[in-house]
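Let the hints inform the model, and build the full structure from the sequences given.
Residue numbers (our numbering), protein chains in the order written: chain P, 98 to 463; chain Y, 98 to 463; chain F, 98 to 463; chain R, 98 to 463.
Be careful, since some hints might not be right.
It does not matter which identical chain is meant; a pair holds if it fits inside one copy or across any two.
Stated by the list, open to error - With a straight-line cut-off of 27 Å between C-alpha atoms, the simulated DSS-like cross-links for lysine-lysine are:
| no. | residue 1 | residue 2 |
| --- | --- | --- |
| 1 | Lys-459 | Lys-250 |
| 2 | Lys-146 | Lys-286 |
| 3 | Lys-146 | Lys-459 |
| 4 | Lys-250 | Lys-463 |
| 5 | Lys-410 | Lys-463 |
| 6 | Lys-250 | Lys-286 |
| 7 | Lys-371 | Lys-250 |
| 8 | Lys-371 | Lys-410 |
| 9 | Lys-172 | Lys-371 |
| 10 | Lys-286 | Lys-410 |
| 11 | Lys-243 | Lys-172 |
| 12 | Lys-286 | Lys-463 |
| 13 | Lys-410 | Lys-172 |
| 14 | Lys-146 | Lys-463 |
These are calculated hints, taken from the structure and not from any lab test.
What follows is each chain in one-letter form.
There are 4 protein chains.
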Amino acid sequence: MSGSEFGKIFRISTWGESHGPGIGVVVDGCPAGLPLSEADIQVFLDRRKPGQSKYTTKRNETDSVEILSGVFEGKTTGTPISLLVRNQDQRSRDYGNIATLFRPGHADYPFTEKYVIRDYRGGGRSSGRETIARVAAGAIASLLLKEVGITVKAYTKSIGPYTVPEEEYHYSEITENSLYMPSNETAAKAGEYISSLMAERDSCGGMIECIADGLPVGLGEPVFDKLDALLAQAVMSIGAVKGVEIGDGFAASASTGSRNNDPFFSENGSISKKSNHAGGSLGGLSDGSRLILRAAVKPTSSIARTQQTVNTKGENTEITVLGRHDPVIVPRAVVVVESMTAVTLADLLLRNMTATIGHVRKIYGK
Amino acid sequence: MSGSEFGKIFRISTWGESHGPGIGVVVDGCPAGLPLSEADIQVFLDRRKPGQSKYTTKRNETDSVEILSGVFEGKTTGTPISLLVRNQDQRSRDYGNIATLFRPGHADYPFTEKYVIRDYRGGGRSSGRETIARVAAGAIASLLLKEVGITVKAYTKSIGPYTVPEEEYHYSEITENSLYMPSNETAAKAGEYISSLMAERDSCGGMIECIADGLPVGLGEPVFDKLDALLAQAVMSIGAVKGVEIGDGFAASASTGSRNNDPFFSENGSISKKSNHAGGSLGGLSDGSRLILRAAVKPTSSIARTQQTVNTKGENTEITVLGRHDPVIVPRAVVVVESMTAVTLADLLLRNMTATIGHVRKIYGK
Amino acid sequence: MSGSEFGKIFRISTWGESHGPGIGVVVDGCPAGLPLSEADIQVFLDRRKPGQSKYTTKRNETDSVEILSGVFEGKTTGTPISLLVRNQDQRSRDYGNIATLFRPGHADYPFTEKYVIRDYRGGGRSSGRETIARVAAGAIASLLLKEVGITVKAYTKSIGPYTVPEEEYHYSEITENSLYMPSNETAAKAGEYISSLMAERDSCGGMIECIADGLPVGLGEPVFDKLDALLAQAVMSIGAVKGVEIGDGFAASASTGSRNNDPFFSENGSISKKSNHAGGSLGGLSDGSRLILRAAVKPTSSIARTQQTVNTKGENTEITVLGRHDPVIVPRAVVVVESMTAVTLADLLLRNMTATIGHVRKIYGK
Amino acid sequence: MSGSEFGKIFRISTWGESHGPGIGVVVDGCPAGLPLSEADIQVFLDRRKPGQSKYTTKRNETDSVEILSGVFEGKTTGTPISLLVRNQDQRSRDYGNIATLFRPGHADYPFTEKYVIRDYRGGGRSSGRETIARVAAGAIASLLLKEVGITVKAYTKSIGPYTVPEEEYHYSEITENSLYMPSNETAAKAGEYISSLMAERDSCGGMIECIADGLPVGLGEPVFDKLDALLAQAVMSIGAVKGVEIGDGFAASASTGSRNNDPFFSENGSISKKSNHAGGSLGGLSDGSRLILRAAVKPTSSIARTQQTVNTKGENTEITVLGRHDPVIVPRAVVVVESMTAVTLADLLLRNMTATIGHVRKIYGK
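In structure tokens, the structure reads:
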């Protein structure tokens, strides 16, 4: 599993299981001189903390981060930044049937087939807690992006069948409801929907939208590391995400060229587009317009209902997943999508610095 | 632009512009002993050739491949395989206004901003001809996959608003209609739709679906190089693709856990799933079921209609894209999606070989 | 500084400064099922511990390792293995003039020029303590190699002008003298030499030799990741190493083809070489003979003598490096060279597993 | 063999066998706007051409390069630069016993063990012709370095036992003798030595020294991609190179700290060193002084004498390597060492551009 690394220059390497000693990430390649404190990272981690609403698990997780290296007197030194978040709950309690049963919708079965051995405590490496490392890295990436005026923001576009149409967005309301939707009204309906599912011991999914403003034109490295391609990998790599789209995405496939093309126009010497069906990406490069991406999140796989499955002996049996689980993980995944987007943009921002001889001369003063 | 490489072990490095001397790819890391000939690759290249139906451009392109290295006496030697496809049309003809105008929907503007200099002849590096290298590499990857019983197949799921529902699939019909749809009936309707758009000098897009069978359980490298994550990057990196989904994808976000979870069951000692909403990927690893992914392709950006745009001087103006262009590129992109899927699977197949100590002992006979 | 990673499949990512919270490494790509405990790693760390002889600093460093992830019930799980070694001495004591003066032979000056900011506490990232992470990773690599019968051993070939000629090697004596030389007699003379230098507040260097037995034929990935090429990078990346050679190395440049070529011969069906001037590497691949490499280690840069230098203001001045320092670091570097060799071999061992279609078929049972 | 790639940003991917259709390289990541023509590259290729003196083979090789992509109107576009050099001699002539015998000193045996199949025509991938791709890439790297005032120069330090001491260097004489030595006098003696070896159907090796001036302070990416570490890999990866050293190298291992440390001093506001035992590298970063490295080249393995060996059946036998071979490859390897040094420096030059937040702000104008 040498796949726990992401990025070419702003490179993150994550590690950790849900019930091992801890979760962490090494960020290698962050430029020197960036102001950074544990508090800066904690703010991001707190956004994914559970128990913040009746729709998220009540498990008491206090995930506090420790900076182990790469920062001196409040600034990054250009050396690897190592971050550690200790797991609170490590006691070898009874994980019941998870050890011997394959939970539907979970990675238990393929993990066991691939590695033979599997850390079955709470999902191990494939637990949602793995995202702690992504969010910690995302916090650093966001600070780096802010240095050049780039901002990234994610929110809940839909919960089950309840979607907020773009014309009804109220960004200010995102933090006013526990589902992080840009519409308190839709959030209220979605909340009732979730409650009804909880009563039926069922779960649901939703859509997360992420936007980025202030991007310089030209971020992205054709042809395989295009802006949209790396964002697709970054977001799809988040557990439970089953689809990714940029701009009009799937809707564009049913449109026509005359409607889907965004005309360019010039105003006060700056070039922009009259519409943004492209979602800020042309030919895999940022085009100066707002970056827009959406992620489809599947319903929580852990449901209290009894389900058919197979045990490690290969025998047919039933399973009832115990413990408290989020009826919907979308609200907690919002900051994860935002973080992976920030990490991707930070890496492409640095990679773009060597695009021309002009840049080389500028840095070396020739 | 150091982004023209894909894969960790089965690594492809592509190059070439539409009107330069040629297009090519270097495949490094293909195991030695694989039977390979230029004919094997030509079969794939011919599938993306234009002029095969009235819906694709009439440009006369005969793309014949030459193997420059890595093959000896009909077999791969384990050394880099270099493939070259010469461009026929290199004469420095008049590219008209493309050189000084930014075509809506194209990469002209961000490319010029990023690199200052731009090869404006027919789109240069961002031309659809770039995919020739992807398809050539895909041919080799497919042969490698076939060695272990893995098959990959792509087809047109929809053209504009005309979609083939799964229950009406007739795989045998895919090669019977020039749109590569698994339904001649829908293909006929879609054909009329395309004709009507051509009359209006407009274009359309569509959806491509790709399936893979025979995958061993466990392909994928968590947490960033998961099966679905790398497929998302691979497919989204194809020009004109604006969205990617696995299994139920976006539909899953509106479903519930009880409906979306695929129950496991055991039969004759082998484990499988009663349904496949997951599309063959659990926790980012192949789960033994059929792999299913869909790509959303936007409408062709080059349309004969007059559009508003800006020139390289930053002045507002109009553009009418000349020359013959496909009213829909979906049919020609089918083999490209299939090829990128094959390349991704080939790399993960090789990467999975070091997953356990058992595998290490098996290879080294200890 | 995104250069703290080494290896393609068995990938290590190190971090940490000498006086920060700790030093560590993330090992990603180690096969699942390898028995591993903190004790296994501690054995290696103890070999580089200071204060083991009168020739090494008396600083009291007890470097105990903690496994933070990747191991479950005594075995590796195939997920990233995170290792942490806390630094004992973190109190912000007076680092005297190191903060404002550039120590001759040290990285102070170029680090300050490159990153502007520098963690001047005890050398920061460029401190010898950085090698703790290399040794911890080397312990895991050595266990992996042992699974297929590969052993790696390093020792001190020379201290200053005192060299042990190959014909006088007594491997059993390596652990009998505090300089880790394969000759107690030479070690005694070298010891007196070191004592005399200490009296003069001076230091010396030496040569470390590393051998590996049991290598399968064919390890190495031409043309840039050849066995000898990666070993050269791995060993030269160790602080204080100024030269690397394989087999006869520099001596070969003064030899002739008839003397330097190693004739092949066959015995009982196995092929070997009558001599080993090549040091076990032909064309960048292991050839079945013993791997032999040597590293040239420069004299300790930190000496108590007053030296000319420049301060951070760019003014000429003098410096007297305070504190206890090893008069020679060679003995402590022995395990570091051995570890980097093991890490390199472990990665190439795994990379070689995909060399042929035969191997692919063997793993997937086709 | 996925090891034919070198560099992280200025990334080169080489391919080709000695008697296949051709040899080539793809350079991905070269900044846009660099003036480049086939003539610029040809100058470098001509320097490694054989038949330039009586000490190099008389084979008639005219290696002319073709630029296949990445250059438009005389300048690089930032897209991959593909270079092709066709092989002249491809006719399937009789390679005699090379196909069935393992040549001593060559890669025949380990290649066959690793890949089972082997292109035995003239050494295939492990032929000296492989270096054509390195030199072609080196030409581009050198042009890039020149843009910021960095120059790289290699020459022959010694042939067999004939060495030119530094105090007798006459750089102007390097191009005056066919051995590329900085001393016509020593070159004359070395020439006689080579002639005598030719009479005995024997061969010899030598040492190549490479220097680089104008390097900015701070090039190198600790801890594994240090300047000296990557140079060691780059140079050791060249066939026949058995050792690499920086500055005083192995001699430093016998020196003392007081003699080996280079004192810093300041003059007219610029910092430099009073001596350069370090060879321009401190802590793995360029220190502003001249970079100095040496490579030990083994004697040519192909000698006309009859040697003992084993055939592919594993039987003991004899071999007499036919055909014309250089009695010493050092003169032709000079440009290869220079090229690999240039490629390494070009990559580190670009990687260093993201070292600080100050650089990021400078590029993005914030």
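Checked hints:
no., hint, result
1, Lys-459 to Lys-250, "between (32 Å within a copy, 25 Å between copies)"
2, Lys-146 to Lys-286, "within (23 Å within a copy, 51 Å between copies)"
3, Lys-146 to Lys-459, "neither (43 Å within a copy, 37 Å between copies)"
4, Lys-250 to Lys-463, "between (38 Å within a copy, 21 Å between copies)"
5, Lys-410 to Lys-463, "between (69 Å within a copy, 24 Å between copies)"
6, Lys-250 to Lys-286, "within (23 Å within a copy, 42 Å between copies)"
7, Lys-371 to Lys-250, "within (22 Å within a copy, 39 Å between copies)"
8, Lys-371 to Lys-410, "between (60 Å within a copy, 18 Å between copies)"
9, Lys-172 to Lys-371, "neither (41 Å within a copy, 33 Å between copies)"
10, Lys-286 to Lys-410, "neither (44 Å within a copy, 51 Å between copies)"
11, Lys-243 to Lys-172, "within (15 Å within a copy, 34 Å between copies)"
12, Lys-286 to Lys-463, "neither (61 Å within a copy, 44 Å between copies)"
13, Lys-410 to Lys-172, "between (53 Å within a copy, 21 Å between copies)"
14, Lys-146 to Lys-463, "neither (49 Å within a copy, 34 Å between copies)"
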